[in-house]
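Sequences and hints are given; from them, build the entire structure.
So the sequence lines, in the order shown, correspond to chains U and B. Position one of the first sequence corresponds to residue 1 (the numbering used here), numbered consecutively onward. Position one of the second sequence corresponds to residue 1 (the numbering used here), numbered consecutively onward.
I should point out that these hints are in silico values taken from the structure, not numbers from a laboratory. Any given hint might turn out to be false.
Unchecked claim - If you anchor each label on the Cβ, the simulated ranges turn out as follows:
(1) MET222(B) x ASP105(U): 26 to 36 Å
(2) LEU41(B) x ARG8(U): 35 to 45 Å
(3) PRO57(B) x THR94(U): 48 to 58 Å
(4) GLU65(B) x PRO154(U): 50 to 60 Å
(5) MET462(B) x GLY20(U): 42 to 52 Å
(6) PRO57(B) x GLY20(U): 45 to 55 Å
(7) VAL12(U) x TYR15(B): 32 to 42 Å
(8) PRO154(U) x ARG63(B): 56 to 66 Å
What the hints assert, rightly or not - Here are a few chain B residues that face chain U, going by a calculated C-beta distance under 7 Å:
(9) MET180
(10) ALA184
(11) PRO185
(12) VAL207
(13) PRO211
(14) VAL212
(15) PHE230
(16) ALA233
(17) ALA234
(18) PRO239
(19) LEU241
All C-beta atoms, glycine included, are put in the ideal place defined by N, C-alpha and C.
The primary structure of each chain is shown beneath.
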Amino acid sequence: MSTDASNRRVVVKSLFGAAGMFAFAIFVLPPMYDLFCEITGLGGKTGDEYTAVDVRVDTSREVRVRFVASNNASMPWIFKPTQDSVVVHPGEPTEITYFAHNVTDQDMVSQAIPSLVPNNVADYFHKTECFCFENQPLAAGDKADLKLVFIIDPDLPVGVNSVTLSYTIFDITDRAADPIAQL
Amino acid sequence: MAHGPATLADGWRAYISRWVFTTNHKDIGTLYLWFSFAMFLLGGAFAMVIRAELFQPGMQLIRPEFFNQMTTMHGLVMVFGAIMPAFVGLANWMIPLMIGAPDMALPRMNNLSFWILPFAFAILTSTLFMEGGGPNFGWTFYAPLSTTYAPESVNFFIFAIHIMGASSIMGSINIIATVMNMRAPGMTYMKMPLFVWTWVITAFLLVAVMPVLAGAVTMMLMDINFGTSFFDAAGGGDPVLFQHVFWFFGHPEVYIIILPAFGVVSQIIPTFSRKPLFGYSSMVYATAAIAFLSFVVWAHHMFTVGMPIAGELYFMYATMLIAVPTGVKVFNWITTMYKGSLTFETPMLFSIAFVILFTFGGFTGLMLSIAAADMQYHDTYFVVAHFHYVMVAGAVFSGTAAIYYWLPKWCGKMYNETMGQVQFWVAFIGFNIAFMPQHFLGLAGMPRRYADYGLQFADWNMVSSIGAFIYGGAQIMLLYNVIMTIKFGKPTAEEKTWEGAEGLEWTVPSPAPYHTFAKPPEFK
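So, in structure tokens, the structure goes:
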């Protein structure tokens with residue numbers, strides 16, 4: 001084989017490898033990371049909407065669930081849980097609310113992002129209804145009670161007596177106004 | 001003009017055209033080396049601004065916003081503008097000479113890969129003059145600092161990184177093709193000089209990870225301008241993902257910087273020990289092992305982000321594992337010198353300093369790899385001291401050694417040995433005064449990347465700044481030495497500049513003719 005031909009082969013193979021690594025970084029790494037976090041519960045991300053199944057309520061156990069709220073840097077709303085914590089039995093659906101108040105004079109849209117500690121319980125914390133599944137529009141000056149219904153799985157590892165659920169609220173008004181971004 | 005390059009005597013137009021349109025590996029190597037030295041001085045000037053501001057506690061010279069831009073630009077320019085192009089320049093000059101090839105395999109791509117670089121750095125540097133200032137988020141540009149909170153100029157920064165990546169990838173493909181297809185008859189892979197070996201492994205690393213960096217900045221670009229949420233928690237993304245993607249590129253990157261430096265030192269130490277390199281094949285395998293391990297240790301840069309204990313342990317032990325092949329290399333260099341007929345010309349002095357100081361930096365790296373201890377060291381000046389020991393005393397010392405070692409071959413003139421040794425001692429002493437105290441500052445808890453510090457850190461900061469100014473002066477001396485050698489150096493026409501030198505590059509006349517090895521040489 002001539003040098004020119006083998007050079008061309010090296011170039012084609014290398015460029016192919018480089019393009020593959022580029023695609024790997026953009027299209028494979030982020031989903032892989034999400035999947036990894038989902039499996040391990042890292043990052044404290046809770047699952048999507050859960051359909052309640054009939055389970056026994058384990059009245060012999062009590063778990064304290066604490067609620068925390070925080071605002072992302074530029075978010076001016078008042079956002080807080082209406083109760084600091086509740087004590088629940090595993091298997092028992094519990095409804096709580098968060099309070100949100102748009103104190104600005106502009107209509108805004110928000111998105112709440114959950115995080116759960118300790119992170120190995122993410123698989124045992126089910127939400128049948130949550131304001132975090134959708135974005136929350138509030139007109140200027142409006143207030144709202146945002147509803148959350150959750151069930152602690154009776155299989156919750158022994159030794160976990162307390163769980164903290166945190167919501168961070170983000171201002172996504174610009175993004176929500178842009179129809180392309182909502183795709 | 002049938003043969004030979006245009007000189008100034010042919011007129012300005014011809015002379016400039018020669019450099020712009022050149023496809024000669026020696027010309028392009030020269031361009032890379034001068035460009036990287038210019039960037040080295042620019043990045044050094046940024047460092048001088050940083051050290052001048054840190055000379056005393058409190059704000060004296062610049063505003064904190066500008067300080068942040070200086071630390072960011074210093075890192076970016078030194079890594080992507082100074083060290084990487086310097087070694088690509090050495091590769092362009094030396095690899096064809098070392099393997100007996102007439103030129104690089106892809107000369108026109110070689111021209112392109114150099115000439116897009118000045119544009120990348122012109123774009124990057126111009127951001128300093130834009131409204132809102134240049135990049136101020138650290139050279140690691142973690143999201144959301146580099147996305148949500150970035151200055152407007154971040155798009156120019158992203159574009160500049162893309163161009164640098166394209167340049168590096170093209171340069172690497174060229175080196176791979178050259179080494180695979182252009183070796184002289186008889187030069188099998190396991191007979192190649194070690195500099196060629198380390199570079200071809202580096203080239204594979206570059207092809208693998210520069211696209212990942214391009215992917216990271218592309219995702220940033222999408223987040224900033226097109227409403228995606230790769231790194232934005234509000235849209236379901238995760239800022240920690242950025243750190244994973246960045247360090248998946250970033251850790252191989254530090255070996256991209258140091259492996260060619262290993263290669264240079266592995267050429268120089270045997271020459272001045274007048275012995276062949278000890279353990280050649282173990283050097284090759286150690287280099288390959290380091291390259292492979294560099295892909296599986298990235299999260300040791302992120303021990304503090306929150307990882308399960310199993311992850312911390314894995315990344316800790318995997319990182320410590322890298323000390324094994326690195327230790328093999330250090331052992332081989334020392335054993336090469338053992339019972340050799342040593343002489344201490346300037347390149348050898350820089351190489352020995354490399355071995356000592358790089359090993360020192362390697363040991364502080366081992367300290368940092370201990371996950372539990374890293375909670376304390378993370379983002380302190382201890383880290384700054386560690387990576388300057390491996391990057392400056394490692395890559396820059398080795399690059400300086402290479403310049404003194406091959407300069408007689410490049411220009412046919414001998415540098416002034418006394419001036420070379422003076423420059424070495426100024427650099428060596430200045431470097432240690434600048435960076436040794438930063439270990440103490442870091443252990444005492446001084447965080448990196450701040451424009452100001454508590455009074456308890458004042459003394460060592462002043463010492464460090466004085467050392468930094470001395471070290472900066474040593475680089476001006478290097479420039480002076482090189483220019484004086486080219487202009488007024490004693491001509492040396494002998495093929496073998498150094499008594500103990502081995503290899504094909506020492507079989508061509510000095511200065512190396514414009515075209516060499518038109519007919520493949522005999523290699524036994």
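Checklist entry - Holds or violated: 26 to 36 Å for the Cβ distance of MET222(B) and ASP105(U)? => result holds, 32 Å
Next on the checklist: Can you verify the interface hint for PRO211(B): is its Cβ closer than 7 Å to any Cβ in chain U?
Outcome noted: This hint holds: PRO211(B) lies near chain U, its Cβ roughly 4 Å from the closest one there, short of 7 Å.
Item to check | CB-CB spacing for PRO154(U) and GLU65(B) relative to the 50 to 60 Å hint | outcome: holds, 54 Å
Checklist entry - Do the numbers back the hint for ALA184(B), that is, is its least Cβ distance to chain U under 7 Å? => result violated, 13 Å
Item to check | Closest C-beta approach of MET180(B) to chain U relative to 7 Å, hint status | outcome: Holds, about 6 Å.
Checklist entry - If you check the beta carbons of PRO154(U) and ARG63(B), does the distance land in 56 to 66 Å? => result Between PRO154(U) and ARG63(B), where Cβ atoms are some 58 Å apart, the hint holds.
Checklist entry - So the hint says 42 to 52 Å: do the beta-carbon atoms of MET462(B) and GLY20(U) match that? => result The hint (42 to 52 Å, Cβ to Cβ) holds, given that MET462(B) and GLY20(U) are roughly 51 Å apart.
Next on the checklist: The hint names ALA233(B) as touching chain U; please verify it with the least Cβ-Cβ distance against 7 Å.
Outcome noted: holds, 5 Å
Item to check | Restraint check, 7 Å cut-off on beta carbons, for PRO185(B) near chain U | outcome: Since the shortest Cβ distance to chain U is 13 Å, the answer is violated.
Checklist entry - Holds or violated: 48 to 58 Å for the Cβ distance of PRO57(B) and THR94(U)? => result Holds - the Cβ-Cβ distance for PRO57(B) and THR94(U), about 54 Å, lies within 48 to 58 Å.
Checklist entry - Within 32 to 42 Å or not, the Cβ separation of VAL12(U) and TYR15(B)? => result This hint holds: roughly 36 Å between Cβ atoms.
Checklist entry - Is the hint on PRO239(B) kept, meaning its closest Cβ partner in chain U is under 7 Å away? => result Hint on PRO239(B): violated, closest Cβ of chain U at ~10 Å, above 7 Å.
In this structure, the hints that do not hold are numbers 10, 11 and 18, in rising order.
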